[in-house]
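Student: Go ahead and model the full structure; you've got the sequences and the hints to work with.
Single-letter residue listing:
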Amino acid sequence: MLAFILRRLGTMALTMLCLTMVVFFMINLEPNLRKLSISQLDMRSSDEHIESWLVKNGYRQNFFVRYGQWLGVWPKYPNIDPATGEAVSRFTYCNEPAETRFSGVLQGDFGCSTKFKTTVAAKLFPALGATGILMFWVMVTMVPISLLIGILAGMREGTRTDRSLSVASIATTATPEYVSGVIFTVIFASWLGWLNGSAASATGQGITFYNFTLPVMTMAIYGIGYIARMTRASMVEVMTQQYIRTARLKGLGFGSVVIKHALRNALIAPFTVIMLQFPWLLTGVVIVEVMFRYQGFGFTLVEAAGNNDIDLLLGCSLVSVFVVLFTQLISDVGYAYLNPRIRVQ
Amino acid sequence: MEYIGGFQIFLGVLARFWPVWLALAIIMGASFVYKKKLGLYGQLFDSGVGIVGVGICFFWLFTAIFAGTIAPFNPLAQIPIMKDALPGAIDAASGQAYLFGGDKLARDVFSRMVYGSQIVLIIAPAATAFALMVGITLGLPAGYYGGRIDSVLSFLANLVLAFPVILLFYLLVTPGIMETPIPYGMAGLFFLFPIIFFSALFYTRFKNRPDRVYIQIGLTLLIGGWIYAGLVFNADPLGIVSIKPNQLNIFVAVVFASSPGVFRIVRGLVMDIKTRDYVAAAQTRGESPWYIMLWEILPNARGPLIVDACLRIGYTTILLGTLGYFGLGLAPESPDWGTAIKDASRLLRSYIHPALPPTVALMSFVLGLNLLADALREQSMKD
Numbered sequence: 001m002l003a004f005i006l007r008r009l010g011t012m013a014l015t016m017l018c019l020t021m022v023v024f025f026m027i028n029l030e031p032n033l034r035k036l037s038i039s040q041l042d043m044r045s046s047d048e049h050i051e052s053w054l055v056k057n058g059y060r061q062n063f064f065v066r067y068g069q070w071l072g073v074w075p076k077y078p079n080i081d082p083a084t085g086e087a088v089s090r091f092t093y094c095n096e097p098a099e100t101r102f103s104g105v106l107q108g109d110f111g112c113s114t115k116f117k118t119t120v121a122a123k124l125f126p127a128l129g130a131t132g133i134l135m136f137w138v139m140v141t142m143v144p145i146s147l148l149i150g151i152l153a154g155m156r157e158g159t160r161t162d163r164s165l166s167v168a169s170i171a172t173t174a175t176p177e178y179v180s181g182v183i184f185t186v187i188f189a190s191w192l193g194w195l196n197g198s199a200a201s202a203t204g205q206g207i208t209f210y211n212f213t214l215p216v217m218t219m220a221i222y223g224i225g226y227i228a229r230m231t232r233a234s235m236v237e238v239m240t241q242q243y244i245r246t247a248r249l250k251g252l253g254f255g256s257v258v259i260k261h262a263l264r265n266a267l268i269a270p271f272t273v274i275m276l277q278f279p280w281l282l283t284g285v286v287i288v289e290v291m292f293r294y295q296g297f298g299f300t301l302v303e304a305a306g307n308n309d310i311d312l313l314l315g316c317s318l319v320s321v322f323v324v325l326f327t328q329l330i331s332d333v334g335y336a337y338l339n340p341r342i343r344v345q
Numbered sequence: 001m002e003y004i005g006g007f008q009i010f011l012g013v014l015a016r017f018w019p020v021w022l023a024l025a026i027i028m029g030a031s032f033v034y035k036k037k038l039g040l041y042g043q044l045f046d047s048g049v050g051i052v053g054v055g056i057c058f059f060w061l062f063t064a065i066f067a068g069t070i071a072p073f074n075p076l077a078q079i080p081i082m083k084d085a086l087p088g089a090i091d092a093a094s095g096q097a098y099l100f101g102g103d104k105l106a107r108d109v110f111s112r113m114v115y116g117s118q119i120v121l122i123i124a125p126a127a128t129a130f131a132l133m134v135g136i137t138l139g140l141p142a143g144y145y146g147g148r149i150d151s152v153l154s155f156l157a158n159l160v161l162a163f164p165v166i167l168l169f170y171l172l173v174t175p176g177i178m179e180t181p182i183p184y185g186m187a188g189l190f191f192l193f194p195i196i197f198f199s200a201l202f203y204t205r206f207k208n209r210p211d212r213v214y215i216q217i218g219l220t221l222l223i224g225g226w227i228y229a230g231l232v233f234n235a236d237p238l239g240i241v242s243i244k245p246n247q248l249n250i251f252v253a254v255v256f257a258s259s260p261g262v263f264r265i266v267r268g269l270v271m272d273i274k275t276r277d278y279v280a281a282a283q284t285r286g287e288s289p290w291y292i293m294l295w296e297i298l299p300n301a302r303g304p305l306i307v308d309a310c311l312r313i314g315y316t317t318i319l320l321g322t323l324g325y326f327g328l329g330l331a332p333e334s335p336d337w338g339t340a341i342k343d344a345s346r347l348l349r350s351y352i353h354p355a356l357p358p359t360v361a362l363m364s365f366v367l368g369l370n371l372l373a374d375a376l377r378e379q380s381m382k383d
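Protein chains in written order, with UniProt numbering: chain A, 1 to 345; chain B, 1 to 383.
Mixed in with the good hints, there may be bad ones.
Residues of chain B placed beyond 10 Å of chain A at every Cβ, according to the derived structure [as the list claims (entries may be wrong)]:
no., residue
1, I27
2, L38
3, I65
4, K104
5, A126
6, G147
7, Y184
8, D272
9, Y291
Covered stretches of chain B (in silico footprint by chain A; criterion: 3 or more residues with CB under 8 Å from a CB of chain A, positions within the stretch not fixed) [to be verified]:
no., region
10, 159 to 173
11, 321 to 331
12, 347 to 361
13, 365 to 371
Just so you know, the hints here were simulated from the structure itself, not pulled from any lab data. No residue lacks a Cβ here, since even glycine has one placed at the ideal position from N, Cα and C.
Tutor: Written out as C-alpha cells, the structure reads:
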C-alpha cells in the first residue's frame with residue numbers, strides 16, 4: 001500500500017511539473033506578455049517602451065531559465081537600475097529583496113501579483129479559505145441529499161418513486177450552474193425576495209443564511225443528480241445480492257435490511273464519485289463566485305486570467321491541479337480501504 | 001407602446017414555431033408507425049422517456065434548421081424604442097410583437113433564442129464527432145496493445161483531464177492566442193484523425209480488393225482533404241467550407257477538452273472486449289491488429305459509445321454555454337445561449353425577462369439529450 005501511494009505521489013509530482021510548464025508556456029505567449037506590459041504601463045506606450053519594460057523585468061530571459069526561477073531551482077536576479085548601476089527590487093509593492101536568491105515555489109515563494117499589487121500568497125490563501133467555506137457548505141448539503149435520493153430510488157427498482165426521482169436527477173445534471181443560478185435568483189431574489197442575489201457582503205460582513213444560500217444551492221444542485229444516479233446504480237446492484245435475500249428470508253424488516261445490510265455496501269461506489277466531483281466543483285466555483293460576486297478562489301482565477309497576472313494565475317493553476325490529483329489519490333486509496341476485495345499492487 | 005396579453009404571447013409563440021410542429025409531426029409519426037423496422041432508434045419509441053428525449057432533440061434540431069422562418073426579427077437588429085421592452089410589446093414599424101420582450105440593446109429575445117440554437121447545434125455535435133474520432137483512434141491501440149503505448153497515451157490523457165476545464169479555456173480561448181499558430185497547429189492535428197480513421201477503416205477491410213480500396217481511400221482523402229483545407233487553412237478552393245478564427249479556436253478547445261474522456265472509455269471497452277472469443281478467432285485467422293480493432297472490437301463497443309456521445313453532446317453544450325458566460329471566444333453580439341445568459345444575468349435586478357428564454361432553452365436541450373441517453377442505455381441493457 002505504501003509503495004502504491006509513493007508511486008502515485010511520484011506520478012502526481014510529474015504531472016504537476018508538466019502541467020505548470022504548459023501553463024507557464026501559454027501565459028508567456030507574446031500577445032499575453034504585450035497585454036501584461038500595456039496594463040502595467042499605459043495604453044499609448046510605444047513598442048520600444050514595452051520591449052524595454054519586458055527586458056528590464058526579466059520577461060525576455062530564456063523560457064527554461066524563467067520556469068526554473070519560478071520553480072526555485074534557478075536563482076532570481078534583481079533588476080539593475082541603469083542610472084546608478086545598483087540592484088533594485090523588481091516589484092516594490094511585493095517587498096522583493098534586491099539581491100540574487102533562490103526563491104520559487106519550492107521555497108514557498110509564489111511570486112508577485114501584478115494585478116492586486118501584493119504577493120500571490122497574500123491574495124491566494126485568503127481566497128482559498130473563502131472558497132473552502134463555500135465548498136464545505138456545498139458538501140454538507142449536496143452529499144446527504146444526493147445519497148438519500150439515490151438510496152430511495154434504488155431500494156425498490158422500477159417503482160414510481162424510482163422513476164420520478166431518476167428523471168429529477170437527470171434534470172439536475174442538465175442544469176449547469178449558470179442556468180440554475182439565474183433561475184434561482186429570479187425566483188428567490190427577484191420574485192419572493194427571500195434571499196440576496198449577491199454574496200458580496202459575505203466576504204466583509206460574514207456569512208448569513210440570507211446572502212449565502214443561493215450560491216450554495218446553485219452549486220449543489222448540479223452535482224446532486226450525478227451522485228444520486230451513481231448511488232442508485234450501486235444500490236440497485238446491492239439489492240439483488242444473495243445476502244440481501246437471505247436477510248429478508250430470515251424475517252428482517254425491509255427498513256432494517258436496507259439500513260443494516262445494503263447501505264454500507266452501496267456507499268462504496270458513491271464515495272469515489274464524490275471525490276471525483278471536485279474537478280467539476282472547481283469549474284462550478286468559478287461560475288458561482290463570479291455570478292454572486294463572492295471573493296474566493298474562482299473569482300481570483302478569473303481576475304488573474306483576465307489581467308494576465310502571470311504569477312497569480314500560475315499559483316491558481318498549481319492549486320487547482322493539486323486539488324484534482326489529490327482527490328484522485330484519496331479516492332483510489334479510500335476505495336481500496338473501503339472495499340477489502342480490491343488489493344492495490 | 002402597445003402590448004399583447006399573456007395568452008396571445010403563448011399563441012404567438014406556438015404559431016411562430018409552425019414549421020417545427022409540422023416537421024415534428026411528420027418525423028415522429030413516421031417513426032412511431034415504422035418503429036419495428038428502425039432497430040435501436042425504433043425501440044426508443046417504446047418508453048415515455050425515450051419519446052420525450054427524441055422529441056426535445058428533434059424540436060431544437062428543426063428550430064435550428066428553420067430559424068430563418070421562425071424568428072420574426074433579425075437577431076442582431078436593434079429597434080431603439082424597444083429597449084428593455086416587456087414581453088408582448090408590439091413594434092409599431094413592422095406590427096410584429098417582441099414575444100419575449102427586448103434586451104438591453106433593444107434586440108428581440110425570442111429571435112435571439114431561436115438563432116442561438118443554430119450555433120449550439122452546429123458546434124456541439126461536430127465537436128463531439130471530432131472528439132469521438134480522436135478518442136477512438138487513440139483509445140483502440142492503447143487498449144489493444146497495452147504496454148508502453150498505453151502508458152504514454154494514458155499519461156497524456158490524464159494530464160489533460162487534470163486541467164480544470166475553466167482554466168483550460170482561459171488559456172486556450174483568448175483573443176491573444178489567435179495571433180499565434182497554436183490553434184491552427186492543434187486544429188491541423190485533430191482534424192487529421194478523421195482522415196486517418198476512415199482510411200484505416202477502408203484499407204483494413206478491403207485491402208485485398210484493389211478495385212474498391214482505391215476508390216474509397218481516394219474519396220476519403222479527397223473529401224477529407226477538402227474539408228481539412230477549408231477548416232485549418234481557410235483555403236477551400238470552392239469557398240464552401242470555411243470557419244471564422246474565433247470559432248475554430250472554440251472548436252479546437254472543446255475537442256481538446258473532451259477527447260481524453262472518450263479515449264478513456266474506448267480504452268476500457270477495448271480492454272474488456274479483447275478477451276472475447278471472436279477476437280481470439282480473428283487473431284487465429286491471421287487478421288491484422290487494426291482489422292481486429294476496427295472491424296471486430298469497435299462494432300461491439302458501439303452501444304456504450306452511442307450513449308456516451310449523447311451525454312457528451314449535452315456536456316459540450318454546457319461547455320459552450322460556459323464559454324459564452326465568461327465571454328470567451330464567441331463574438332459579444334453573438335446570439336448563442338451562453339452569451340445571452342451572461343448579458344441578462346448582469347441585469348437581473350432590473351429585468352428578468354431576457355434571462356429566462358436562453359436558460360430554459362439550454363436546459364431543455366441538455367435535458368432532452370440526457371433523457372435520450374438514458375433511454376438508449378435502458379434499451380441496450382435489455383439485449
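Student: Can you name, in rising order, the numbers of the hints this structure does not satisfy?
Tutor: When the structure is compared with the hints, none of them turns out to be violated.
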